[in-house]
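The residues making up each chain are set out below.
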Amino acid sequence: MKVKPKIGVVSCSGECCSLGTVSRVATRMVLEDLAFGETVTICLPLFLAGDSGERMFAEKFPTVAVDGCHKLCAKKAIEKYSGETAASVDVEKLLDSWGEKPPASRRELNINDQAQSYRVAREIAREIEAVKEALNG
Amino acid sequence: MPENPILIIPCSGIGKPFGTISRDATFRVVDELRKGRADTNCLSLLVMGDEEATRQIRESTCIAVDGCPLACARKNIEIAGGEIAAYFRVMDLLRENRSLRPRQVTFLDEDGLKLAEMLADKIASKVDELGGGQP
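From first to last, the protein sequence lines are chains A and B. Numbering-wise, the first sequence is residues 1 to 137 according to the working numbering. Numbering-wise, the second sequence is residues 1 to 135 according to the working numbering.
Hints in this document: simulated from the structure, not taken from any laboratory. Some clues are possibly wrong.
Which residues of chain A face chain B? A few of them, derived with a C-beta cut under 7 Å, are [to be verified]:
(1) S13
(2) A77
(3) R106
Using C-beta positions, here's what the derived DEER-type ranges look like [stated by the list, open to error]:
(4) B:P69 / A:K60: 19 to 27 Å
(5) A:S105 / B:L100: 20 to 28 Å
(6) B:R58 / A:W98: 34 to 42 Å
Small disclaimer: the values here were computed from a predicted structure and weren't measured. Every residue, glycine too, gets a C-beta built ideally from N, C-alpha and C.
Chain A on its own, in the form it takes in the complex (with noise of 0.2 Å):
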């Protein structure tokens, strides 16, 4: 039987602004609902405070980063301390394509930036489903 790979979904931490609320948010999405099963994720402050095992998650999984704005925190740690990403979603840049303003809390969604994170979401599980068609070839 043939084992399918897990896809990696990384996050920013983004506690300076509500669009970091979102991008946790629709990962969590990601992880729990749109892609359950097919996904794993890493804290992303570990990559530093972690060991050598944690620095092996890109290699392990093809991993997808998360970013909450234009600093792609989540992007640039990955490349740096793990490996190449295999796609990168900037929520920033999103929101800014669909003219939409980020949540006005960075500690509470209400139901429109609940709805505004799953949309986020559906566009990670975008990404997760071309990755493992390239990986599938």
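Place chain B on chain A using the hints.
For chain B alone, coordinates are given in the frame of chain A:
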């Protein structure tokens, strides 16, 4: 007494509810309970070695808030050359409140919210003790 706001850095762990609690408690303090007297910044920026974030850490009185024993917030502040004036662990709060069992990660459940509220009160008291934002 520090003139700058106290810098609170949570781990924001994404795998278990503890990281969400650390994050929620931090936002309660910086956005509500001690607005203007405490601040936060992205831990990811420190991981990346961002110059401005590193400078801010070195020039601030820092509080680290970690969800799990891996202590990512504390370790990353130390690696950046910051000094930690106070340290909170969600696991310690859980041990003191064994009846509370947070289970949800994405959006905290009732027990998770109670723990976040308790943790925020403790952090806010520490901000007062450290004199955050006092001229």
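Do the hints match the structure? See the list:
1. With a least beta-carbon distance of about 4 Å to chain B, the hint placing A:S13 at the interface is held under the 7 Å criterion.
2. This hint holds: A:A77 has a C-beta 5 Å from the nearest C-beta of chain B, less than the 7 Å allowed.
3. With 7 Å as the threshold, the beta carbon of A:R106 comes within range of chain B, its nearest partner Cβ sitting at about 6 Å, so the hint holds.
4. The given range of 19 to 27 Å is respected by B:P69 and A:K60, whose C-beta atoms sit roughly 23 Å from each other.
5. A hinted range of 20 to 28 Å holds for the C-beta pair A:S105 and B:L100, which are about 24 Å apart.
6. Between B:R58 and A:W98 the CB atoms are about 38 Å apart, so this pair conforms to the stated range of 34 to 42 Å.
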